[in-house]
Amino acid sequence: MTAPLLSIENVTKAYPGVVANSDVSFEITPGEVHALLGENGAGKSTLVKMIYGLVRPDSGAMRLNGGPFAPPTPNAARQAGIAMVFQHFSLFEALDVAENVALGMENPPRPRDLARRIREVSETYGLPLDPARRVGDLSAGERQRVEIIRCLLQDPKLLIMDEPTSVLTPQEVDILFQTLRKLSAEGTAILYISHKLEEIRALCDAATILRRGEVVATCDPREKSARELAELMVGATLAVPNRGGAVPGDVRLEVSGLTVAPANRFGTGLRDVAFEVRRGEVFGVGGVAGNGQEDLLAALSGEITAAPEAIRLDGVAVGHLGPNKRRSLGILAAPEERLGHAAAPDMSLIENALLTGEIREGLGRRGFLNWPAARRFADRIIEGFDVRTPGPAHAARSLSGGNLQKFVIGREILQRPDVLIVNQPTWGVDAAAAAAIRQALLNLAIEGAAIVVISQDLDEILEISDRFAALNEGRLTPPRPTQGLTMEEIGLMMGGAHDMEVAHVAE
Amino acid sequence: MIRLEKRPEPSQAWTYVTPLLAVLATMIAGGMLFAILGKDPFVAIRTIFWDPLFNEQFAAFSRPQLLVKAGPLILIAIGLSLGFRAGIWNIGAEGQYIIGALCGAGVALAFYPLEAVFIFPLMILAGALGGWAWAMIPGLLKTQFNTNEILVSLLLVYVAEQLMASMALGLLRNPDGGGFPGSRNLGDYPAASNEELIAGTGMHWGVVAAFIAVIFAYILLNRHRMGYNIRLAGQAPRAARFAGVNATRLVLFCLGLSGALAGLAGLFEVAGPAGQITIDFNVGYGFTAIIVAFLGRLHPVGILFAGLLMALTYIGGELAQFMLGLPAAAIQAFQGMLLFFLLAGDVLTNYRIRIGRAEVA
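Keeping their order, the protein sequence lines are chains A and B. Per our numbering, residue 1 is the first one in the first sequence, and the count goes up by one each step. Per our numbering, residue 1001 is the first one in the second sequence, and the count goes up by one each step.
The set of hints was computed from the structure by calculation and includes no laboratory data. Note that beta-carbon positions come from the ideal geometry of N, C-alpha and C, so glycine has one too. Treat the hints loosely; a few may be bogus.
Unchecked claim - Take a look, some chain B residues computed to stay more than 10 Å from chain A by CB distance:
#1 1004
#2 1038
#3 1050
#4 1058
#5 1150
#6 1154
#7 1171
#8 1176
#9 1178
#10 1187
#11 1215
Unchecked claim - Listed below are several chain A residues computed to face chain B (Cβ distance under 8 Å; list not exhaustive):
#12 344
#13 345
#14 358
#15 394
Taking the hints into account, I'd like the entire structure generated from these sequences.
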């Protein structure tokens, strides 16, 4: 076995009230693709921030090539050969690719040389990218390539990738993996952070699994099933969602010719969207982020109104009605953004229960609010959906993301909707809670509701939806039954074949 | 190194403690200011806060003044606070106050010298409508053309002042006034006069209206969907849209209500303490009420206390001016400090102070 490139030895880091990493140890050898696996809040981010010089450990040590390694700044980490691609890009949309790359370098070469080197690297690693294009015009996958190339130009020994596939189509993921495999073959170690198990099984040589800041297992992910990995990550056995096998009934929600102007300059709007959802059916809407998902939710919830006939509920035209009129008819929605859209951050859970619940739960009379009833409704949500909070009088922002998501979804489900539209129902939610939310959605469908799930998590959509369509620049593809769809077909539906024809890794 | 750490929830305790701390800090900093000006700080502070209420020599005059001055401040601030909570910034209450006074006085003078019971209620209606209409100008411009209500409402103050000057010199001028600018004195016209209800207290109908407004606002904010929508729109505009709040209606409601209350304050002032429309009728209640609204945490009961406190510093400040010879600017700086310390103290409600090594995270 080769000598480790980087070894982490008994590292501990505590923040007020929470231990982010407790006695964490693992090793990465040159050329290894090492997965760091764990739920949100398991301590993955803190750990890589320490490696990248953003955070210093309270105790423990790190070694790079056998020597002590304690980078005080990211700059020092970069000079030691560590590069990192963040989940959220730090790029200037108004500048072109080469300028963006130059901004991230210590001593950028002359623009002409830089453009040449960008071309060289992009060809070598199968990352097609034109250095002269404006970043604002690039897709999410292409933007990520800018970040990767910026890192590769520094010739790193260790490349850290934080949740790199969350914004990519399946085809783009394939391109990325080919690149990473080539890098690994050349001896670059890769620390790959993710909670997507299939990806890790496809790509990584080793995996360190974190739970609540501690290493719970180190294994070869190729030898474990995704289920085993998930249970290691969660620390509990996971329930398989029960589809119930309900036969879809009459059409409940019918959307035709739905066109919506973009909400702002960077929005996409919707163009001639058409679909229908039947009683007992879960309709999945996929797509890369920013292709009109938010507009679709707003148009269905009534935040944006449209022509009356564009949306029909049980045959009745409702496209022109606002959110509260639609609620009273039975169309409910749960937006993606929990704090600020689905819930008011500084308001209590009681007040947030009232946010959408007044009409259907009878929490008011002629405008006067019935606080005891609102409190009872909030208590029912907290109890029914296992929301962890000291009490309903606490502010929404004091809840963790997963708990607030359970509250938001629970608030809508308990109102017995006829049609429920959810956007990213399990985004940032731990695996056990995500399973519970999906099961609740399926149960609602079994009881006769029509459900629209908008999600960027394809595994989720495949798991719970009966039919699937993808949003691409505000257009919706014709829906297809989920059963039998391959990842490749889904990728094509998402229109994500950006630069497929040139995506060949140089051999 | 000192740094601020965001609290998971706003601290309830600090919400109540910071106003007291702000008053204390103002006394200390103000005392230093007065000391630099060569006055005994303790005497100055006592003159401002204590003498107006309890000094045997002045209290008989200044104690009623407390309610006379606090009444319009509270009435206006209550209206403004509703808008401020919703993120709708009516800065032009001074203008709405003037127009309310003009409309109310106009009704009274139109009926002069008729003695009838309906005149005073009609004046109240006219005052409220006048202020409401003046506030509808920025309201409609905002909802129709997306103009900035801060600018429009503020600039309309100067229009209102010019209008008032022209009225005092023209249409409403006292025909028996020997050519002097200014209207008839409504104090001499019993049917239109807003007299002191209980002698020696300063209590007049405007003060009653202010107390009613406090109760009304409290119920609105805590028990009614409209108040809930106001708070929601201010805290999370997207969530408000999701909850089905009609933004246009909310803007018009908040601006209209604050305009109507400011107009009422103007009417009660012109029919009572001021007595007549003059060129310099307005003394800045509409602007000071903005401070009162924030000093009172945009909370109805807080505004009640803040209005009384602000009135006290006005009366005490005047007293300090002629007793101690403090310059008017020093008194204004003193009042400014109060707002400054209060807003600075607000940080403690949402953040806690940590002393320790900073960390890049």
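Hint by hint, here is what the structure shows:
Chain A leaves residue 1004 (chain B) outside its interface by the beta-carbon criterion, the shortest separation being 13 Å against a cut-off of 10 Å. For residue 1038 (chain B), the shortest C-beta to C-beta distance to chain A comes to about 47 Å, beyond the 10 Å cut-off, and the non-interface label holds. The claim that residue 1050 (chain B) lies off the interface holds: its Cβ sits roughly 38 Å from the closest Cβ of chain A, which is beyond the 10 Å cut-off. Against chain A, the non-interface label of residue 1058 (chain B) holds: every CB pair exceeds 10 Å, the least being about 44 Å.
Non-interface call for residue 1150 (chain B) relative to chain A: holds, since the shortest CB-CB distance, roughly 22 Å, exceeds 10 Å. Separation of residue 1154 (chain B) from chain A is adequate, the least Cβ-Cβ distance of about 28 Å exceeding the 10 Å criterion. Every C-beta of chain A lies more than 10 Å from that of residue 1171 (chain B), the closest at about 42 Å, which supports listing it as non-interface. Once the 10 Å rule is applied to beta carbons, residue 1176 (chain B) is consistent with being away from chain A; the minimum gap is 51 Å.
Its beta-carbon lying about 54 Å from the closest one in chain A, residue 1178 (chain B) satisfies the requirement of being farther than 10 Å from that chain. At roughly 41 Å, the least C-beta separation between residue 1187 (chain B) and chain A is larger than 10 Å, which holds for a residue marked as non-interface. Interface exclusion of residue 1215 (chain B) from chain A stands, the closest Cβ pair being 15 Å apart, more than 10 Å. At a threshold of 8 Å, the smallest CB-CB gap from residue 344 (chain A) to chain B is about 4 Å, leaving the interface hint in force.
The restraint placing residue 345 (chain A) at the interface with chain B holds, with a minimum CB-CB distance near 7 Å, inside the 8 Å limit. Satisfaction of the interface hint for residue 358 (chain A) is found here, the shortest Cβ-Cβ separation to chain B being roughly 7 Å, below the 8 Å cut-off. Among the interface hints, the one on residue 394 (chain A) holds; its C-beta lies about 6 Å from the nearest C-beta in chain B, closer than the 8 Å criterion.
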